[in-house]
Amino acid sequence: MKTCLLYASVLLSVIAMVDLAVADVAPAAAMTRSIPVATTFDVVHTVATDAGGISDKLKKYGKYLRRAGSDHWKLESRKQTKPVPGTPKTVALPGKLGKAIISLDAKGVATVKILDNGGKSLGSYRSSRFPLVIANQRLRINGKPYVLILDRPKKK
Amino acid sequence: MTEDQDLRRFQELVEASAHRELTEAETAFVGRMGFRSEECRQWLEADAETVTTALEQDPLREVASPSPLDWARLETGLQRAGALNNPKVQVRKSWPLLPAAAALVLCIGVVYAILRDGLSDNTVSPSPMVAEILDLPDGDGSLIFDEGKDEDGVLMIVLSNG
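Sequence lines, in order, name chains A and B.
Sequential numbering from 3 applies to the first sequence in the numbering used here.
Sequential numbering from 166 applies to the second sequence in the numbering used here.
Please note that a few of the clues may not be correct.
[Stated by the list, open to error] List time: in silico SDA-like cross-link candidates among lysine to any residue, alpha-carbon distance up to 25 Å:
| hint | chain 1 | residue 1 | chain 2 | residue 2 |
| --- | --- | --- | --- | --- |
| 1 | A | Lys84 | A | Gly71 |
| 2 | A | Lys65 | B | Ser232 |
| 3 | A | Lys62 | A | Lys122 |
| 4 | A | Lys65 | B | Phe310 |
| 5 | A | Lys115 | B | Glu316 |
| 6 | A | Lys59 | A | Arg131 |
| 7 | A | Lys61 | B | Gly313 |
| 8 | A | Lys91 | B | Met294 |
| 9 | A | Lys65 | B | Met294 |
| 10 | A | Lys122 | A | Lys156 |
| 11 | B | Lys314 | A | Lys101 |
| 12 | A | Lys156 | B | Leu324 |
| 13 | A | Lys122 | B | Gly304 |
| 14 | A | Lys101 | A | Pro87 |
| 15 | A | Lys84 | B | Leu299 |
| 16 | A | Lys61 | A | Lys84 |
| 17 | B | Lys314 | A | Gly145 |
| 18 | A | Lys115 | A | Gly55 |
| 19 | A | Lys81 | A | Gly97 |
| 20 | A | Lys101 | B | Glu312 |
| 21 | A | Lys91 | B | Lys314 |
| 22 | A | Lys62 | B | Leu308 |
| 23 | A | Lys61 | B | Leu301 |
| 24 | A | Lys76 | B | Gly304 |
| 25 | A | Lys62 | A | Ser79 |
[Unchecked claim] Label-pair distances were calculated between CB atoms; the ranges are:
| hint | chain 1 | residue 1 | chain 2 | residue 2 | range |
| --- | --- | --- | --- | --- | --- |
| 26 | A | Pro96 | B | Asp303 | 41 to 49 Å |
| 27 | B | Leu299 | A | Asp44 | 16 to 24 Å |
| 28 | A | Pro155 | B | Leu271 | 43 to 51 Å |
| 29 | A | Asp44 | B | Gly274 | 20 to 28 Å |
| 30 | A | Ser57 | B | Asp303 | 15 to 23 Å |
| 31 | B | Ser325 | A | Ser57 | 45 to 53 Å |
| 32 | B | Asp303 | A | Lys81 | 25 to 33 Å |
| 33 | A | Asp44 | B | Ala268 | 51 to 59 Å |
| 34 | B | Ala268 | A | Lys65 | 27 to 35 Å |
Note that these hints are calculated values from the structure, not bench results.
C-beta: ideal position from N, C-alpha, C; glycine also.
All chains, please: the whole structure from these sequences, using the hints.
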């Protein structure tokens, strides 16, 4: 009988401890999941060229670029942006092509919406994997194909 | 009664006083004879000396001290009679503490695991891969190249007729 009472008291104390632990941990975990995390992206602008192959700065994207309509590509510019989920960032495209609106959701999926100079949508592209290489035949600089790449910066 | 009879009676009563309480008449006789009879007083003094000598000799000193076996027998006898606690009973009482302590340790481990990992199942696979084009101008087509590897990216090609 005493043993049963001992076990019962131990069990009750443990249940109380678990209850307290869950009460403390669950809101914290829920907050952690709901807090949006800003992510830094590299926005890489590339333009096809007549010769020269793929520049060293674009070697990482070579296998994508070669499928995008040319074997010769050069780096036009590279900028970083840090969208916060719920707060999109706007990036101007080179050559007065328009702009790209980059947004991020809580799961880390990025959406790139490209608008031309007149504000007309040229498509919305959504991906959870990076680099996201977007080659739109409507986007050309001096008649050469333009490709926008959204990538995560190298981990230092 | 003659003096011999009085002395014998006096001696019997003195020795009997060691075993029982004397009556008032007997006590009065002993007291009276102690005052009156010289022989009784001498015998009493001699008897007192004998007793004193016997006490000084301390006969208990000659008794051998008990051996450990004697003490063990005595202890066993007292335990059987219920005068001492039985050590076996104490051992049985201590046993329930062991599983209780083990259960407590296990439960504390569970609590710490919950505190560390939470209650959600962390073995759930990560979010599925997303690669899609949500909208395009009318007439445009698209191609999506995805090699399906986690470390790979995605190439999206939009073909335009415009």
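Hint check:
no., hint, result
1, A/Lys84 <-> A/Gly71, "violated (29 Å)"
2, A/Lys65 <-> B/Ser232, "violated (98 Å)"
3, A/Lys62 <-> A/Lys122, "violated (31 Å)"
4, A/Lys65 <-> B/Phe310, "holds (11 Å)"
5, A/Lys115 <-> B/Glu316, "holds (24 Å)"
6, A/Lys59 <-> A/Arg131, "holds (20 Å)"
7, A/Lys61 <-> B/Gly313, "holds (20 Å)"
8, A/Lys91 <-> B/Met294, "holds (23 Å)"
9, A/Lys65 <-> B/Met294, "holds (20 Å)"
10, A/Lys122 <-> A/Lys156, "violated (33 Å)"
11, B/Lys314 <-> A/Lys101, "violated (30 Å)"
12, A/Lys156 <-> B/Leu324, "violated (31 Å)"
13, A/Lys122 <-> B/Gly304, "holds (14 Å)"
14, A/Lys101 <-> A/Pro87, "holds (19 Å)"
15, A/Lys84 <-> B/Leu299, "holds (22 Å)"
16, A/Lys61 <-> A/Lys84, "holds (24 Å)"
17, B/Lys314 <-> A/Gly145, "violated (34 Å)"
18, A/Lys115 <-> A/Gly55, "violated (29 Å)"
19, A/Lys81 <-> A/Gly97, "holds (15 Å)"
20, A/Lys101 <-> B/Glu312, "violated (28 Å)"
21, A/Lys91 <-> B/Lys314, "violated (28 Å)"
22, A/Lys62 <-> B/Leu308, "holds (21 Å)"
23, A/Lys61 <-> B/Leu301, "violated (29 Å)"
24, A/Lys76 <-> B/Gly304, "violated (29 Å)"
25, A/Lys62 <-> A/Ser79, "holds (15 Å)"
26, A/Pro96 <-> B/Asp303: 41 to 49 Å, "violated (26 Å)"
27, B/Leu299 <-> A/Asp44: 16 to 24 Å, "holds (22 Å)"
28, A/Pro155 <-> B/Leu271: 43 to 51 Å, "holds (46 Å)"
29, A/Asp44 <-> B/Gly274: 20 to 28 Å, "violated (45 Å)"
30, A/Ser57 <-> B/Asp303: 15 to 23 Å, "violated (35 Å)"
31, B/Ser325 <-> A/Ser57: 45 to 53 Å, "violated (26 Å)"
32, B/Asp303 <-> A/Lys81: 25 to 33 Å, "holds (31 Å)"
33, A/Asp44 <-> B/Ala268: 51 to 59 Å, "holds (55 Å)"
34, B/Ala268 <-> A/Lys65: 27 to 35 Å, "violated (59 Å)"
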